[in-house]
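Taking the hints as your guide, dock the two standalone chains into a single complex.
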Amino acid sequence: MVYDSATAVETDTIIRTENTSIYYGDFKAVSGVNLDIYRNKVTAFIGPSGCGKSTVLRCFNRTNDLIPGCRVEGRVTFHGEDLYSKDIDPVQVRRRIGMVFQKPNPFPKSVYDNIAYGARINRYPGNMDELVERSLRRASLWDDVKDKLQASGLSLSGGQQQRLCIARAIAVEPEVVLMDEPCSALDPISTLKIEELMNDLKQLYTIIIVTHNMQQATRVADYTAFYNAQEAKGGKMGYLVEVLPTDELFNNPKEQSTKDYVTGRFG
Amino acid sequence: MTQASQDSSSDAMLEKLKTKPGSTKELFNKFMTGLTAFFTVAILIPLVAVVFDVAREGVGQLGLNVFTERPPAPGLTGGGFGNAIVGTLITLGIASLIAIPIGVLAAIYLSEFGRGTKVAYGIRFAANVLTGVPAILAGLFSYSIVVINFGGFSAFAGGVALSVLMIPIVMRTTEEGLKLVPRGMRDASLAVGATQFQTIAKVVVPAALPTIATAVTLAVARAGGEAAPLLFTALNNNFWSFDPGRPIATLPVLIYFFSIIPYRPQQQLAWTAALVLLGIILIVSVTSRFLTRQKQF
Chain A
0 MVYDSATAVE
10 TDTIIRTENT
20 SIYYGDFKAV
30 SGVNLDIYRN
40 KVTAFIGPSG
50 CGKSTVLRCF
60 NRTNDLIPGC
70 RVEGRVTFHG
80 EDLYSKDIDP
90 VQVRRRIGMV
100 FQKPNPFPKS
110 VYDNIAYGAR
120 INRYPGNMDE
130 LVERSLRRAS
140 LWDDVKDKLQ
150 ASGLSLSGGQ
160 QQRLCIARAI
170 AVEPEVVLMD
180 EPCSALDPIS
190 TLKIEELMND
200 LKQLYTIIIV
210 THNMQQATRV
220 ADYTAFYNAQ
230 EAKGGKMGYL
240 VEVLPTDELF
250 NNPKEQSTKD
260 YVTGRFG
Chain B
0 MTQASQDSSS
10 DAMLEKLKTK
20 PGSTKELFNK
30 FMTGLTAFFT
40 VAILIPLVAV
50 VFDVAREGVG
60 QLGLNVFTER
70 PPAPGLTGGG
80 FGNAIVGTLI
90 TLGIASLIAI
100 PIGVLAAIYL
110 SEFGRGTKVA
120 YGIRFAANVL
130 TGVPAILAGL
140 FSYSIVVINF
150 GGFSAFAGGV
160 ALSVLMIPIV
170 MRTTEEGLKL
180 VPRGMRDASL
190 AVGATQFQTI
200 AKVVVPAALP
210 TIATAVTLAV
220 ARAGGEAAPL
230 LFTALNNNFW
240 SFDPGRPIAT
250 LPVLIYFFSI
260 IPYRPQQQLA
270 WTAALVLLGI
280 ILIVSVTSRF
290 LTRQKQF
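Chains as they are written, first to last, in numbering that gives the first Met the number 0: chain A, 0 to 266; chain B, 0 to 296.
Chain B extracted, bound-state conformation (with noise of 0.2 Å):
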């Protein structure tokens, strides 16, 4: 061979590394890329949205005395739904205070002492059942388990319907922090002598607190804004309550109200109260996110 002939050929092989610029492959390429990118964005449409309607229409009414008067009469303007928010925050903390301790200790038998257990399946699997059982069923569970045998309507009857729903929740999202922390921290632990509760105590479960933190805002966010379980078990109330015994006003079941009484004030309110809700929810989550940042390992 040549030493010509030799470089044609390879010239050829140059020429079959470039890019064809308006091939069909190179365009079918380049358009779903760009299908991608749309999707991406479409998604974030309906939460902008959201989030700047409520603003749009909630920010007009906003003011201090939202926060310290309780709503006003059919027809009349003014007042607020302070009772409404501290409602929210005892119902949230009821239900915090049940679902919790339970999802968190359950979440660590999981993944300590049941890994790859058959209890562990069906109770993961229930869990997940559970995390799609529609809202109103948690009130209704509520309703005959404590509102019928408990003396009625009341903020911990609404605490109850919304511990059902943060359990499966706070339990799945907490093992998954669990089971990140490394298997070598747990032996080292044992390695000097810590008995396994000092391990979970001292070493994995500070380990995964951040982990525990996501699950319980992700909870509460999911709690905080629901309507349908609270209808039937804290009802709603007009004045200031802060006993956890008695009904109580909440902001979801405020805004449910409102919304579909023919005042123009009491609209506005809910667009407030919707606005204040989601406030909240964005408070609570960047202040435990806060709270537990630390060093990965």
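The shape of chain A in the complex, shown without the other chains (with noise of 0.2 Å):
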């Protein structure tokens, strides 16, 4: 992929796929995307239902192991290494790579207990009321919850649950975090909260959004990747039609189908 935006010259490529493809047993889900994701940068992936944007998410960070029949060809490199080589444990993946889901599933533990667990499990040697503050801090979720650390996660409201949900990925100090329509059960003013948080956040994590907000995809994302589908033996197969800096993909796309699809003539 070659950018003539200045950007690209500063920034360096965290994952990249490489002819990736994903399959459910025999039917081909996803075919070929060629991707750079760059560190420090919000990335959007967007698309019509069943392109397998969510499916190219998942495999990041080898969600998809979990579902019986799924298969990847092709590289996924993280830094360089593959994370579909052998040697590789899909425990340790995830936890560089986190991950927060499109609906708020906080455990039902207290609010202190949910961002504790991964740094438990993980044997975090530090202070654990520090990292729980600064979890909780980075996710603009202290205010709200500080006088109330003991009361169950599941007490607090939509929006403030997807941010717990965001605090306790970073509490394990992940370099990715993938957000799988973070926003799509939330209400206005809650997206507006999480949007401005992935600014901050982009400082000190690289994030991969799937939205199917378009406006999000603007407000949030430095790239954008379009992912379109076309009917295949079995079902839909999706594919990446191009990934450009968002103002250019959304403005100046160079593929016929984006712009049909970010001018709203289908989708």
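No wet-lab data here; the hints were simulated from the structure. One thing to keep in mind: the hints can contain errors.
As the list claims (entries may be wrong) - Now the in silico label distances, taken between C-beta atoms and shown as ranges:
{"#": "1", "chain 1": "A", "residue 1": "P124", "chain 2": "B", "residue 2": "F112", "range": "31 to 37 Å"}
{"#": "2", "chain 1": "B", "residue 1": "L96", "chain 2": "A", "residue 2": "D11", "range": "36 to 42 Å"}
{"#": "3", "chain 1": "A", "residue 1": "E132", "chain 2": "B", "residue 2": "P100", "range": "38 to 44 Å"}
{"#": "4", "chain 1": "A", "residue 1": "Q202", "chain 2": "B", "residue 2": "V118", "range": "38 to 44 Å"}
{"#": "5", "chain 1": "A", "residue 1": "D11", "chain 2": "B", "residue 2": "F124", "range": "28 to 34 Å"}
{"#": "6", "chain 1": "B", "residue 1": "P100", "chain 2": "A", "residue 2": "M127", "range": "18 to 24 Å"}
{"#": "7", "chain 1": "B", "residue 1": "G244", "chain 2": "A", "residue 2": "E132", "range": "43 to 49 Å"}
{"#": "8", "chain 1": "A", "residue 1": "Q149", "chain 2": "B", "residue 2": "Q195", "range": "27 to 33 Å"}
{"#": "9", "chain 1": "B", "residue 1": "Q195", "chain 2": "A", "residue 2": "K145", "range": "32 to 38 Å"}
{"#": "10", "chain 1": "B", "residue 1": "K17", "chain 2": "A", "residue 2": "I66", "range": "53 to 59 Å"}
{"#": "11", "chain 1": "A", "residue 1": "Q202", "chain 2": "B", "residue 2": "L290", "range": "28 to 34 Å"}
{"#": "12", "chain 1": "B", "residue 1": "N127", "chain 2": "A", "residue 2": "G157", "range": "48 to 54 Å"}
{"#": "13", "chain 1": "B", "residue 1": "N127", "chain 2": "A", "residue 2": "R74", "range": "55 to 61 Å"}
{"#": "14", "chain 1": "A", "residue 1": "Q202", "chain 2": "B", "residue 2": "V283", "range": "54 to 60 Å"}
From the three backbone atoms N, C-alpha and C, an ideal C-beta is built for every residue, glycine too.
This is how it looks when you write it as structure tokens:
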């Protein structure tokens, strides 16, 4: 992928896919994706339903491993290391590439224990109280919950729950945070808070976000990747159309189908 | 169309919306509602009758002595069944120690690793069959395995027989509870770098704990009331025994023997024993519910 914009010079690649295809059994769900994800940038995946954007996202931290019959072909590298080579431990991959899900999914534990969970599992040697506070501050949730750290995570509002999940994800200090439509279950005000949060978080982390909302992509993303789907044997097969700096993708895309999608002609 | 005719036609429409008291449809509706309500109450009749009868007959003898003394000789009054209470607790304890780990671990396999596999289907089917097996066959199983091969009648043999009844109940109910834990909880745990073991031990099982407690309570309540599997495994014992390797008295077996012998005091004691047994099961249910009460997802 070649960029003419100046930003390309100052970025370096953290995740790269090389001709990556993803299968469910015999069915090819995503075909031949070539994509670079840049460090400390927000990359958005957009596209119509069934175009495989979530599937690609989930293959970055090997969450697809948990689906029986799911298989990845081609290479997915993280700092140049092939994530799917035999000697890679998926548990360690997920430690460094965290994830936030579509539906807020706090554990039925206290706010404190929700954050401390990952750290305890990874035998965090430092001060747990500090880690919890720091993570909650980064997720701009500290002021909301500092007086009820022992309350159940499920007692928070939907938007707070999602920020709790973000705090939980960053408490283990990952390098990359994957977000799978993190705002689709939230009201506009909570959505705005999370979008602001993403802008702060990209100083420390690399963020990849799947979104159905094109305005959201223009608001938060430095780069946007457009996926499309075509009819294939056994269902829809997704593929990457193009990835460009967000402004360029929305205002001056190279492909006609991107133009049609971002101007609302289909999808 | 004039204004007037429009009004009259809409009046006719409105008339159709009104109920027609006394119509066949209306009456049938009321009758069926009444029928369902009647049978709902009818279901309660046996339960209430049993509890009431046991309480009425049994409460007269209830005193400290029934908990501390052992049964009187035939025809004599007084005494109690303290040894049978202890015996019931010991056999149930042994049965729980066997059935809970097996049942819960099997349920974890079915729910977390075996979803949709043929093995899981087969095991689930076998468990359902086992639930329907007559209790006396569980006794026969323990008799042929434990009693014959390991030194005769014993509390342990009784516990094994009861555990056969408990395992399918614990397993099936626990599995339902584990399945109710949302998929998102597992995803979230794995996404922060937890192994599958950590995810199950620290997130899934704790979230399903209320259901697991229900499973154990149901199983204990079922096994606690069984006399048939104990008749030729734990046998009976007129004396105090705390040794799992020897025959032991249990409440259901004591109720069975005392209710068929022709002495009034023993029959009275059987009623009281039934009341105490009901009480024990009630206490087990309430405590386990109370201990594991927590917020649902």
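Verification of the hints:
Between P124/A and F112/B the beta carbon distance is about 33 Å. The supplied range of 31 to 37 Å therefore holds. Roughly 59 Å separates the CB atoms of L96/B and D11/A, a value that falls outside the hinted 36 to 42 Å. Between E132/A and P100/B the C-beta distance comes to about 40 Å, which sits within the given range of 38 to 44 Å. At roughly 50 Å, the beta-carbon separation of Q202/A and V118/B lies outside the given 38 to 44 Å, and the hint is violated.
Roughly 57 Å separates the CB atoms of D11/A and F124/B, a value that falls outside the hinted 28 to 34 Å. Checked against the given bound of 18 to 24 Å, the beta carbons of P100/B and M127/A, roughly 32 Å apart, lie outside it. For the pair G244/B and E132/A, the supplied restraint of 43 to 49 Å is violated, since their beta-carbon distance comes to about 57 Å. The hint said 27 to 33 Å for the Cβ distance between Q149/A and Q195/B, and at roughly 28 Å that hint holds.
Between Q195/B and K145/A the Cβ separation comes to about 34 Å, which falls inside the hinted range of 32 to 38 Å. Between K17/B and I66/A the CB atoms are about 57 Å apart, so this pair conforms to the stated range of 53 to 59 Å. Taken as a hint, the range 28 to 34 Å is violated for the pair Q202/A and L290/B, whose Cβ atoms sit roughly 46 Å apart. The given range of 48 to 54 Å is broken by N127/B and G157/A, whose C-beta atoms sit roughly 40 Å from each other.
Distance hint check for N127/B and R74/A: the Cβ-Cβ separation is about 48 Å, which falls outside the suggested range of 55 to 61 Å. In this structure the supplied range 54 to 60 Å holds for Q202/A paired with V283/B, their Cβ-Cβ distance being about 56 Å.
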